[in-house]
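Heads up: the protein sequence lines correspond to chains D and S, in order. Mapped onto this note's numbering, the consecutive letters of the first sequence carry residue numbers 31 to 203. Mapped onto this note's numbering, the consecutive letters of the second sequence carry residue numbers 288 to 1039.
These are computed hints drawn from the structure, not numbers from a lab. Be aware that one or more of the hints could be misleading.
List of simulated lysine to aspartate or glutamate pairs, EDC-like, C-alpha gap at most 16 Å [claimed, not checked]: (1) K118(D) - D101(D); (2) K947(S) - D417(S); (3) K60(D) - E124(D); (4) K312(S) - D77(D); (5) K587(S) - E459(S); (6) K820(S) - E862(S); (7) K194(D) - E972(S); (8) K782(S) - E746(S); (9) K745(S) - D858(S); (10) K70(D) - E397(S); (11) K312(S) - E124(D); (12) K118(D) - E103(D).
Please read these numbers as outputs of a predicted model, since none were measured by experiment.
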Amino acid sequence: MDLKNKVLDNPNVIDNNQLINLSFTVNEEKYEIQTLPTEKLINILRDQLNFVGTKISCGIGRCGACSIFIDNELANSCLVMAYQVQGKSITTIEGLGGVTIDEVQEAFLNEGGFQCGYCTSGMIMSVKYLLAINPDPTDSEIQEALSGNLCRCTGYGGIIRAVKSLKNKKELA
Amino acid sequence: MNTNINVKKDRVRPDGVSKVTGTLKYLTDLTFPNMLYGKILRSSYPHAKILSINTEEAEKLSGVEAVITYKDVPGMNRFGLIIPDQPVLCDERVRYMGDAVAAVAATSFEIAEHALKLIKVEYEELPIIDTPEKALQPDAVRLHPAGNICHRASFTNGDVTKAFEECEVIVEETYEVPRQLHGYMETEGGVVIPERDGGITVYAATQHGFKDRFQLSRILGIPESMIRIISSPIGGSFGGKDELNIQPYAALLALKTNCPVKIHNTREESIRASLKRHPMKITAKTGTDRFGKILAHQVKITADKGAYATLGPAILDFAVEHAAGPYIIPNIDTQGISVYTNNGVAGEFRGFGGNQITFALEGQMNRLADVLNIDPIKIREVNLRKATDLGPLAHRIAPTDGAALVLNKIKNIVETSNEPKSKNEWKRYGTGIAIAMHGGGLGFGRLDSAGGRISLNKEGQIEISFGFEECGQGLLSVIENLVLEEIGCSQEDIKIVIGDTSVVPVSGSSTASRGTSIVWQSLQKMKAPFKKKICEHVATKLSLQMEDLYLGANGVWKIGKEDGPCMTYKDCAKEIQDATILTSFHFPVTPDAVDGGHFLYSFGGIKIDVEVDILTGKVKVLSMDHVVSAGPVVSPKGFRGQIEGGAVMSLGYTLMEEVKMIDSQYVTHNFDSYLMPNTVDVPFETNVYAIEELYKGDIYGPRGVGEISTIAITPAIVKAIHDAVGCWITKLPISSEEILKDVESRGMLTWI
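When you get a sec, could you build the whole thing from the sequences and use the hints?
Right, here's the structure in full:
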């Protein structure tokens, strides 16, 4: 979507001066775009930059489908506005593995940590974050860390097994 | 977390890598050049006359390309899978808050949304009917021309009145269940593209592409051949995307603007318009002799249909059919009624009426066991069906001893597990069990077409195709695993084609736990002729004996020659003109003309431990032990996932979920007020046991397991709560206040 369209996007906005130049990186690639300062990050990612691996489900920060990292901190991208990511570094699901599959993604594959897959991008980001700050989580730490990510398909069994398999792998190493 | 299924042996599912890397494109992720964005204006009132609709201002808004109302529907302005009673765009009257009145296509979602605000609709409010009881009053406003009764269903056998007189014990109770949200993470949406010939291509989730095509053809007034439906992959459905949702609006707008039109519901829009699980009130009166043998069972079911029918009639039939479950009851009288109201439309949802009726049936069993002071397992044993007994509508079914096998295993689990012990003076612990029987397929008297196609395509791949959708349930794994097993080729040789009406054969709907059954049965019919076609060619070509050849990895192999195929599939494909085998059959159905009666049943049992906090009334499920009898496990991880996931969905139904309505208006709009289980609400201790053997002589193979694990959860939790604190719950979701009140009234809180 180009800038011209973007201005039209909100008919209540007539003042072009409201647009800001936003400069940030997504998955280590630099982007400079013009946008409204209040545009939601999820819309920028999905609609403007076509990072559609990040999903939108509730739009109010309750389901975690849109989870991403901002400067390595976990965030719901539906609750973040454009101006808040000025100069920041964003990581989406597309930025996790690169050429090979990340170990968390691998664990989800092996343990059946997903079914429809729509919560999976966000869930994997949360697991990644949990293990980054706490490589050896207890059961209740796993529960708490993932409680902001809803999954309607798995009942969380496969997800929990995926996290535990990574934990066990570390213990064996 | 234990299971007897060999999960580690399982392959990664075919859609796995694309899902964990976020590269899979869902239909709501798609964009096309010149694409417009659509929004739908829904009714402002649950019940009103439409006096006028003025779209002038909206049309003038810069960026708006089209505004449509009922005047723009060229064909039949109605939809609905059984009774097409729902207007695509309302003309004279709205019957619920989700009714569509107009739709807009614009250059952005924001402009489209703004345009909705500029559409002026004048309404004259009508009295609302917000309960089935009000709808059934003789002087109630008629919501539809034929009145307020959508459907009646009943089953009677023997004489309950007389039998009740002979009963030693009679238990009577009314069970109330709420409106549950499917809660698929991907809300309804997709893109419709206008084609040069005046037709359309629809990229939108549905559970039966051909049915969408049929319904859209009626609405648009164009032949089905001009409509292509691409319906897969889907970010969850659970029955909720079976009926049309945004498709007609995107289609009408695309044809009017001649541009691709995308609609993707926000969660609020989704909750307002989507189907929900039927709220029901079920009164059950059940009597036994002194040994617990049921002599009489009388059931009255009242379902709140909401404004329109969709599959409601079939759901009521299903509930009536399953009123006796796996028990042999000599005198039974089940009466069901499904009633139109101005509430949200209730419709198809995983379990299909089985969840509601089994809450009542197993609730009665557990209460009777309590009154008679018999073990809950014993009372079930006394009444349980035998392998060759008739089905619940006194109709012939495929013989199965699943009920007994499941109950035995549950008994064994109960006997060998430790009773949960209290670690805290304010916590109480209890155990509950329940079992369920669940029919697969659509049932007698319904067109239940099944089939599939296998071919060797030009690229030398074994192409296997079904008219199914991948909603997350793992159908792709099921297909891959069965092709590997039945054909003998390798994973790399297979190409799976589903979810596109322009290329798939008729397989029927991706619903009713029928997918796995149909894939297996289709392969049984197709594998021999397919192998023969290919091997015949190779035998002639290489002057070999047909009997010495078999299909293996990468090509046709000769017995005894293990160094590689004697002809690769690629080479075969160059030479064989057509190695396509198509099969088409009807889903196995009872030979008895009993409307809706099923033939293939699966069985499930559950043992649940709970902790009840008597200071707060909160219930926590500590462990779940599942036993499922549904034939051989085809896809181990998929099977386990279906059982665990279905159970947690029902845990939510039992303990926390309700899409609340007040005066026929939703007061639940999003996941802030609609709570679904998260990781904190589910037990880490979940065990899944599969009973894989089928009854001797069974020729129907593995059954689907999409629904069975959701059925018996509620009554097991309710029994566990009774075991813990002594109160019987009759209404869902279970209220902490109600438990507290009961606990207080019986003096369990010692300071009071």
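Structure-based check of each hint:
1. K118(D) - D101(D): 6 Å, holds
2. K947(S) - D417(S): Answer holds: K947(S) to D417(S) is near 12 Å, not above 16 Å.
3. K60(D) - E124(D): Between K60(D) and E124(D) the Cα gap is close to 15 Å, so the pair holds against 16 Å.
4. K312(S) - D77(D): 14 Å, holds
5. K587(S) - E459(S): 11 Å, holds
6. K820(S) - E862(S): 12 Å, holds
7. K194(D) - E972(S): 13 Å, holds
8. K782(S) - E746(S): Answer holds: K782(S) to E746(S) is near 10 Å, not above 16 Å.
9. K745(S) - D858(S): Holds, at roughly 10 Å.
10. K70(D) - E397(S): 13 Å, holds
11. K312(S) - E124(D): 13 Å, holds
12. K118(D) - E103(D): 11 Å, holds
Of the hints listed earlier, there is not a single one the structure fails to meet.
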